[in-house]
Structure formats: structure tokens, C-alpha cells
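Assemble chain B onto chain A, guided by the hints.
Residue numbers (numbering that gives the first Met the number 0), protein chains in the order written: chain A, 0 to 230; chain B, 0 to 156.
Some clues are possibly wrong.
[Said to hold, decoys possible] Every beta carbon over 12 Å from chain A, so not counted as near; a handful from chain B, in silico:
(1) 47
(2) 89
(3) 113
[Said to hold, decoys possible] Computed list of lysine to aspartate or glutamate pairs in EDC-like fashion (alpha-carbon distance at most 16 Å, straight line):
(4) B:134 - A:115
(5) A:120 - B:21
(6) B:134 - A:136
(7) A:120 - A:160
(8) A:117 - B:109
(9) B:22 - A:160
(10) B:134 - B:109
(11) A:120 - B:109
Don't read these hints as lab results, they were simulated from the structure.
Think of the CB as a built atom: it goes at the ideal place given N, C-alpha and C, for glycine as much as any other residue.
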Amino acid sequence: MRQTKPPQQQIVQQKLALDAYLSTLLDEVPEAVPSDERAGVVTKPLEKAVEPAVQQVIATQPLQNERVAFEKPVKLHPLSVMPDWAQHEFQALFFKVEHLILAAPLTDLSRTIKIDRKPGKIPGQPSWFLGLLDENDSRIGVLDTGQLIFGKLRGSQRDLEANPFKSILITQDKRWGLACDEILSIGKLKPDKVRWRTSRQKKPWLIGTVIEELTAIIDLQELVPHRKRKT
Amino acid sequence: MSEDRKQSDPIMQWVTFCLGDEKYGINVMQVQEVLRITEIAPVPGAPSYVLGIINLRGNVVTVIDTRNRFGLPSKEPDDAARVVIIETDKHIIGILVDSVAEVVEMRASEIETAPNVGNEENSKYIQGVTSRDNKLLILVDLNRFLSEDEKAELDMF
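Extracted from the complex, chain A is given alone in its bound form:
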């Protein structure tokens, strides 16, 4: 529902009014989703997430000139941050990296393997790229999940010779492998049992937290690097 705006929030210029109108339309997208897809608490974080848009567009005080108003672009990122699989109950694989238990949606995974040989190290690559591994007709880029999750400073302190990773989660496209210490289990997660993040500007790979177990849910599409082709 739209609220009546206080007098100081009157729209003062035509273009701003148009922006505000479009933003409002975007705000209303969650309501357009079929009702069977809006069950549970999933809609809550979505509704929460949309609130800044209109406020940023509407001038709270008379504007000195139009240019100043448009130098601050409006950022809308609530709906787009929710992957499709997060809208319904989904299956997730729970795995361990160091002492942290993480969950990844099964739809983003192809399979898991035990590490029985070292990935082939490619010179000149960042330390979180552990190398390439040929596995069942696929060449997988193996990633140090610890470094990707904890950051380079903490993650790179691990001595991989003395304490190597034990397993690899292979992504659906079979291009990337996330090295981890232990594969734990597969479980079903209901969206209302998860606290979804409403903004993913920082750590875009962290999509939410399982409320009861406090397990971080990882969006693998955001965690893996995008392979660049040399031109």
C-alpha cells in the first residue's frame, strides 16, 4: 500500500515524478507474483528491501537545479538479488570449510568428489585459484573456498600442504570446483526458515542464513569467478 507523502516530500519536477512513478511500479512487482509463489516469509524480505527507492527519488526539499538531482543514481536491487531457487523450499548441500558450516543449493551443483590428486597449478593466477583438475571429461578450476569466503588475509594463512582440502563441490556447469574440508549432508530448507539478505552489495555470494542452525547459504553463481577468454 502506498502511503500519503508529507508535504516536504512533494514531487517537484516532472522527471523526478516519472522516476518516482517507475520506482513505484518496480516496488509493486512482488505483488504481481502468483500467490502460490508468495507463500511463507519469502515476500517479507522482498517488501522490506524495496523501501529506499522512492525516498531517494523524491526531493525532500526544493531542488536548486535538476542536474544535481540526477547525479545520484537510484539503486534498485531488492528483487534481482533473490535467485529463483530461493522462492520455494529447496534442497541444499551442507559442507564444512575450516570450522564453518555452509549450505549451497543442490540446483547449483553437479556432484562432489574426494580429492585424490593435486590440481595442476597454473602460474600467474591468484592464490585462491588452486589449479585445474581433469575429472570425467571436464576440466575443473578448483577454488580455495576458504579464501573466497574468509578473504585473502585469513584464508591464505592455511597451510595447504599440511592441511589440504578433502573434497570438491563441482558446480552445475562443471567448470568450477569448490574445495572444502568435509561434505556433511543434504537437507531441505524452507524459505521461511531462512533470514534472507535484503542487500548484496557486499559479499554478494552470501544470500542468507538458516535461522536455527546459523548456517550461511551461499549463492555459488556469485562466488565463482567468471572465466575470461583471452582475446
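Relative to the frame of chain A, chain B by itself:
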């Protein structure tokens, strides 16, 4: 074999060498000779990737520490170590490797582009990767092994 395939998917020969656990390949056409390790005279003020210079039949050749260049830990050369004399853009240089393995043939179609996930500058000399005997073979583009500035600097030694 059809002429079309010969042209579209040519066979190339690569000299393979080892550094640590990995095997690398360089284009055989750029390899001039392979030497046993000999006395390498250090050059004062040289960059860290330059081991020094050798006298190759009256010519001074700069020897590159390939381990250093590839970001691998240094290792004292042993009997298997070799200096591979290569030509890159009319510069003759030597690269020190742990050992030289063999010459392999492969089709261009067998080579896959290496993932480039970091700083492009650091890995631009990796031409691609392929598999040989169930092991990864990393193909090095010798023409990009050193930058133009670095090649110019080597000429001053």
C-alpha cells in the same frame, strides 16, 4: 588425413619440461638447444627473475629463473636441471628448468584456453592447457614470457 584438416587443425610439436609437480610445454620451433647446467655468472642489479649470464660459444646469454617467473619456490638445481636456449622475438635467452621431458605432438584443437581468473598481466604467457598421460600440460607462449621492456633490459647485460 585430408588437406583441409591439416590446415584447420595443424599438428604442433612441443618440448615439455618440469617445474615442481607441473609439466609445461614450449613450441619446439623456438627451442635452439638444451644445455646441462653450467656456471651462471650473476649480474649485479639484475631483476630477481634473472639468474645471470652464461657464455654460449662466445655469445652472452641471459638465463631466466623460470621458477621465480612462475611464482614457484626456488630450488637448488640438480643433475636433471637444464638450461633451455630459446628464441623469442629475435632475443636469445636461456630458461632454467628442473628437467626436460620429451617432445610431444598435438593438434591445435586439443589445446584449451587456460582460465584467466586474476590479473591478466601475470598469466598472459600461458597459451593454453591440455592433457597428456592423464596429467595437465601447461603450454607457455614464449613470445609473451617477457615484456618488451624486460627484453630490452636483458639486452643491456
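Status of the hints after comparison with the structure:
Even its closest Cβ contact with chain A, about 15 Å, leaves residue 47 of chain B beyond 12 Å, as expected for a residue assigned away from the interface. Here residue 89 of chain B stays apart from chain A, with its beta-carbon at least about 24 Å from theirs, past the 12 Å limit. At the 12 Å boundary, the C-beta of residue 113 of chain B falls inside the reach of chain A, the nearest C-beta of that chain being 6 Å off. For a cut-off of 16 Å, the pair hint linking residue 134 of chain B to residue 115 of chain A stands: about 13 Å separates their Cα positions.
Our distance criterion of 16 Å between C-alpha atoms is met by residue 120 of chain A and residue 21 of chain B, whose separation comes to about 7 Å. Between residue 134 of chain B and residue 136 of chain A the alpha-carbon distance is near 13 Å, which keeps this suggested pair within the 16 Å criterion. Distance hint between residue 120 of chain A and residue 160 of chain A is fulfilled; the C-alpha atoms sit about 13 Å from each other, no more than 16 Å. Using a Cα cut-off of 16 Å, the hinted pair residue 117 of chain A and residue 109 of chain B is violated, with the two alpha carbons roughly 22 Å apart.
Distance check on the hinted pair: residue 22 of chain B and residue 160 of chain A sit about 19 Å apart at the alpha-carbon level, beyond 16 Å; violated. With a C-alpha separation of about 14 Å, the suggested pair residue 134 of chain B and residue 109 of chain B falls inside the 16 Å cut-off, and the hint holds. The hinted pair formed by residue 120 of chain A and residue 109 of chain B fails the criterion: a straight-line CA distance of about 19 Å is larger than 16 Å.
Hints 3, 8, 9, 11 from the list above are not met by this structure, while the remaining hints are.
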